[in-house]
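> Can you build the whole structure from these sequences, using the hints too?
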Amino acid sequence: MMKKYFKNIIYVSLLLTFLGCEKYLDINEDPNVSTDVPAELLLKSMELADVQIQSGHLMRISQFWTGQMRGTGNLYGRINNYIIAPEDSNDIWAFMYHGIMTQNDIIQENSQNDLVKGIANIIEAHGIGSMASMFGDIPYSQVGIEQNAAFDKQADVYQAAQVLLNTAIDQLGSVATSRRFTDDILLGGNPVSWIQVAYTLKARYYMMTREYGEAYQNALLGVNSKNNSLRYAGAYSGYGTTNENSNLYNLILSGSRSGDLTSLGSFNDNLLNATNATSRNNAKTNESRRRDYLTLDQTGIKSNRLSAANAQMPLVSYEENLLILAEAGFRSSGFNEGLTRLNALRAYLATGNAFAGDATLPIKYDSYIATDFAAGGIENADNITADKALLREIMEEKYVSCFATLVPFDDFRRIRATDNSIALQIPINAGNLYPERFLIAQDEINGNSNSPSPIPDLFVKTQVNQ
Amino acid sequence: MIKKLFLCMLTILLSSSYMLAQRTVNGTVRDNTGPLPGATVVVKGTSIGATTDFDGKFSINAPNNNAILKVSFIGYTSVEVAVGDKSTIEIMLSEDAQALDEVVVTVLGFKEKRDDVASSYSVINAESVLGAKEPTVINSLAGKAAGLSITGTSADPGAGSNIQIRGVSSINGSAPLIVVDGIPLNNSNLEGLASGLDAGVSQQSRLNDINPDDIESIQVFKGASAGSLYGSQALGGVIVITTKRGKAGKLKASIATTLSIDEINRKHSLQTNYGQGSNGIYNATAANSWGDKISSRAGGEDTVNTTGQYFEAADGSLYYPITKKNSQNVYTDSNFDQVFQNGMAQDVKLNLSGGTEKGTFYFSASHLNQEGIMKQSTYFKNTVTFGNTYKFNDWLSSSAKVSYINSSSNRIQQGSNTAGIYLGLLRNPADFDISDYIGTYYDSQGNPTPLRHRSYRRYLGNTTNPTYNNPLWTINEQKSDTKVDRVLGSIDFNIQATPWLNFVVRSGLDTYNDDRVYFFPLFSGDGATNGRYQNEIYKNTEISTDFISLMNFNLAENLSAKVTLGSAFSDRQRKQIYVEAIDFLFNSRLINPSIASNIDEQEQNRRIRNVRYYGQSSFDYNDLLNLNLGLTYEDASSSAKSIVYPSVEAGLKWSNLLNLDNDSPLSFAKVRLAYGEVGLAPDPHGWETGYETATYSGYSDGISLTAFGGGFRLNDDQGNPYLEFEKKKEYEAGLDFRFFRNKLKLSGTYYFNETNDMLLPISLNPSSGFDSFLGNVASLENKGYEFEFDYDFVKKDNFSANFYGNVSTNKSEVTDLAGVASVDFTSGSSIKSSAVVGQPIGVLLGSAAMRNSDGSFDLDANGFPKLDTSGDKVIGDPNPDWRGAAGIRANYKNFSFNVLFETSQGNDLAERTRYVLYGFGTHADVGNEVTLTQDLKNYKGTTITAGSTVRGNIADYGAGPVLLDESWYTSLGGGFGGSVINEFAIGDASWTRLREISLNYSLKGNFIKKTGLESIDFSVTGRNLALWTKIKGIDPDVNQFGTGVGKGVEYFTNPSSKSVVFGININY
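Top to bottom, those sequences are chains A and B.
Take 1 as the starting number for the first sequence in my numbering and just add one per residue.
Take 467 as the starting number for the second sequence in my numbering and just add one per residue.
Derived by calculation from the structure, the hints in this document are not laboratory data.
Some hints here could point you the wrong way.
What the hints assert, rightly or not - Label-pair distances were calculated between CB atoms; the ranges are: (1) B:A780 - A:G255: 28 to 38 Å; (2) A:S256 - B:G746: 24 to 34 Å; (3) B:I1228 - A:G255: 27 to 37 Å; (4) A:L361 - B:I1228: 47 to 57 Å; (5) B:D1290 - A:S256: 38 to 48 Å; (6) A:Q142 - B:I1228: 18 to 28 Å; (7) B:G1337 - A:N383: 52 to 62 Å; (8) A:E22 - B:I1228: 22 to 32 Å; (9) B:P916 - A:A359: 18 to 28 Å; (10) B:G1337 - A:G255: 18 to 28 Å.
Beta carbons: idealized from backbone N, C-alpha and C, even for Gly.
The following block contains the structure:
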């Protein structure tokens, strides 16, 4: 009797357990993380990734290589002298492909919000354009499609960035100009500002590919005021309140690597220093306050300097747009257009609103006139042609005005290729060649069979500068 | 499919009982104490059999009057009885002392005759566990079984230990499964967010929670064949612990107490000749001790400047800026004595048991109170256990057991941690007195800052950051408490459905709460300058249930079979809550987050469920051949696929073919062959790619989403919905011999195993859009020999003695890492314990010296080695070539004596403390003075002329003697990071130790009986009293990285101890 009873119990319980098994085991969903986040909430992470690409480690290195800063110790001391490993590019590549593109793919696919989609596309275009500028040929068209993405030609990447910016402009154009996306820490989700940024970026890339007419036309629609400039944390009120939302110069100059870099004694510092032989100060120009503002040193962190925890770092600026108009205008329309646009920038600088710095120090940016560039003029002491003298001053002004961005590295390489005679006389830190690019990331070399082998070294010009 | 198979098998087996019915014989089987339940009765030469019930009764169908009943029971001598015409038979069995020793417990917790088991295992009995007198159970297993290695982490009271059987079976860890009375016991050793693997404090191993006094025996099952019933939990082998139960009869009581006195067993030796500073010049804030010669100072009080800032210590002593160092005092010994002490552990254990035929009970309670060798380190533990067994009727019985454990411990910060004890103490210069570590700092305007931290690099306490902690601050001001509450409960029902069929239903609960608080007041090191409070709570609950049916058959004459079918369910969940409160609003000693201005809270949950169905059949042919076949089906919530583990074990007792008699030297011989598979389930919740918050940092410039108001990104580590079990296959072959009437026992085993499909995050190229992807990709293998022996060389009435021991080897090789260059088990850039293809697991990777093709050093122009900048090299192997232990146990009248030596040979240790102290100039090796007999160059290339007496050592790297001085020890020849030659920090850490020596005296006989007691035992035991090793300064049996897979690295790791333990045990 007992036997049968127990047999049945065992049969039934075994059966039940087998049947219930699948449900019993269905508990592997991760209880600690969300798997369905509204796509719009990814935008901020793309912005931070972009800030690191544009204003972080490699941008600082580009400053060592263009005389804007000096690497003086440890890793930065070695990199200053062009000793750099592919590992130093790893983070930036991860920020671009995972930090920006993977997230943007989700936004474009899942979001219905054209305002966010447009902004996200501009960020991607901003990132990939800088990547092409830094690394030359890079994976782009097959990213997200192939595990081993092919490397696209640099010019093709710029072209793709132009197309993406057009898409973004269309997306943002479809949005009421009064709409805002407040989670955007760069421009507060203002579609009008973002459209202007997109045009300036288009102009920037046309400059790189030397399509000056296109550059000029796009710059006419570009950033038209300080407030529409794209700046790191430009629309985040809590900027600089804790370490992890602070200015990147502030972080490195106050952290464990604080003594490893400085702007003091750099080519740029000397250029702005009225007492230095290479000074660009003249009867119409006093750079004292701007020099103070651009001082970056562990012992010189001040609230009115670019090293302040809450000093906004430029990404795509009004200054850059004005100077694209100046150079492209000069190249496509001639001397007068160039001069007019340069003076527009100087007038803006003269307002004192373009930068902070010690307010007790003077500023002076009087308008130039044509004779200033004629042989013997204040901008042509060495008697070159007026055209060359003007272009030289436009480029020098842009070199200073676009401090803290990758633009000086872009321009310096381009001008040496097109107008070497008026290129800035930036000293070479080691050997006898200027770096022409950054090294392809070690992680990419390790994992992507399409990586070039060997990778192009530091001194090989990228496609557009060959 | 599998379902059907099982049901089918079950049906066949159940229905096979209705066969053969001739004449019924009833009977009772007894021993001298009463009826014996569970004895086997078979009709000789047939497959007819029965098992006695709880009253010792059986009923069997005898084919005819000539039938002979063979009655056997584990631990008793079998008897044969002719049935004749009797219809009821009384059978007496007598205990077989020899056989009783040879009973083993299977992985499922059932008793089995030792000689019938074909898997390789070792038995560790209760006396041997308790005899070790270790405050923690795990350490008492050291040296007691071949292939079992126990590695300590430090002598912190209650610190965990790593248990490893046959090496590391997976890069994801292979701690053995602990099964207590058939129920898995959690033995985790969780590091947590607040205490890193490389720093922080030594965490506990949860197996140490149990009261050692509750243990009856421990068996270590090493091979996959034995573990395959447990599937993915048994990757690292199975340790089966059987606990004590009450026995029918009179009340038994014992009370035992021990007192242990502990002392540090190895000290780093420090130099006392040179002061703080560099380049031979004193500097009161320098990190290093490359300063002036102390004996060359003027003597007397230091010259100080009393006009400005100063520090007023708690006792009123005043410290002013030193303008000239005059004092010749050295404090190395007094500093040490302020931090270390003789530790002391006391414990009391009470044990009561008894019962009737119907039911028994068991009760135990224990209390441990330990103060460690580092002042302020403590461990308190209380345990209470209650167990009972009850027989409801002749077919249903049950047993239940509940334990409650409560412990608390204050641990001392250690390791790579500027708030750690050894880092601050050993880097401390000889001429700095640590005594006044706390007081009030007055700046030059007279503004006071109370409770300021005074350390050797900040002797005025004039900055908020002490740089390195004063070790007295570490022990007195910081707290690292852990409080554990744990409940273990188990219940099982045994249903005797038919004489040959038993059902067992078994269920267990294991739940604990581990509440850790770390407190660093204002002005502490380790980034806690502004104060830090951390609270980490683990709540872990595991429930397991087994349904088991046990069947015994006689299939034919001389062929019997046992079949076990079971299903098991387990549910393990853990919640981790972490609170970090930083930036204290004021200098408070209140240990509560309310004093902080910045509070962060995190929560992590994990849960894994597991279902297993298993079947095992063991066949015995004529007590000659044993064959065990097993099959386990398993599915886990974290695996995309289920898995089936087969196992086969065969044992041939070929001595039974030889017709041995008592005079032949060989008493027993058996050959064993086994094959088995086990696995490891993936960690739970790894299928999806979720969204996370993120920090973006290029180089010292991290910015975070959290700080910008929050946000998400899709995780850069891709989940994998196809994750499946890691799989281990193992082959083994063994021989067991007994000689000279079983006096000499020898057992040897060879094994080979390979683990495949190990989970590994594979780095992806950035343009794939992700950083890494977790896949079942890696492989490794292990092989080795194990050998155990036991020789009763004296066996007389009053005197017996035996010589026992074991030897084992294990050689591992990582065979596939899916193209990943190395997987690092430890953090840091100096020396890592890693997996590298073609190398043993855990090899030490680090920077090496440049070498020529012939292996000699490629030297610089001055004759010094150069740093090889081409990346990390394999510079050491922490795995021993072999391990072994040997001991003698002797009994003379009422005295008993035991001594056990243990050895580990061929293992390397990264002596990073020594190497870093070279750089700091505090190690004794770099405090020497030499007088040169010839001109020598130093590392800088300066020539030091013959006849000069300078600080340093003379060495020859192949190009003639050179002078090793500050320029060498502070560049390539000492210090930390990847730009020193870390190869020179590796030492041969082979060791041999006197693990245990003990003497017992048992007072018994009439004198004691008069007091109503059974006996009183007195014992004195020495643990770790002697250690022979080339490693100086620390017992090599420590590990900076706790109980993880990474090992062989020592870096300001807290030291180990040696102890003398006195015990009294009163038995009633």
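> Given a hint of 18 to 28 Å, does the C-beta separation of B:G1337 and A:G255 actually sit inside it?
holds, 27 Å
> Against the range 18 to 28 Å, how does the distance between the Cβ atoms of B:P916 and A:A359 compare: consistent or not?
violated, 40 Å
> Okay, A:S256 versus B:G746 on CB: inside 24 to 34 Å?
29 Å Cβ-Cβ, so the 24 to 34 Å window holds.
> Should the hint that A:E22 and B:I1228 are 22 to 32 Å apart at their CB atoms be regarded as holding?
For A:E22 and B:I1228 the Cβ distance comes to about 30 Å; the hint holds.
> Is the distance from the Cβ of B:D1290 to the Cβ of A:S256 consistent with 38 to 48 Å?
Since the Cβ atoms of B:D1290 and A:S256 sit about 22 Å apart, the hinted range of 38 to 48 Å is violated.
> Look at the Cβ atoms of A:Q142 and B:I1228 and judge whether their distance stays inside 18 to 28 Å.
holds, 20 Å
> Okay, B:I1228 versus A:G255 on CB: inside 27 to 37 Å?
The hint (27 to 37 Å, Cβ to Cβ) holds, given that B:I1228 and A:G255 are roughly 32 Å apart.
> Note whether the CB distance of B:A780 and A:G255 lies within 28 to 38 Å or breaks it.
holds, 34 Å
> Given a hint of 52 to 62 Å, does the C-beta separation of B:G1337 and A:N383 actually sit inside it?
Taking Cβ atoms as reference, B:G1337 and A:N383 lie about 55 Å apart, which means the hint holds.
> Regarding A:L361 and B:I1228, is the given constraint of 47 to 57 Å on their beta-carbon distance met?
Holds: the Cβ-Cβ distance is about 55 Å, inside 47 to 57 Å.
Checked against the numbered hints given earlier, the structure breaks hints 5, 9 and satisfies all the rest.
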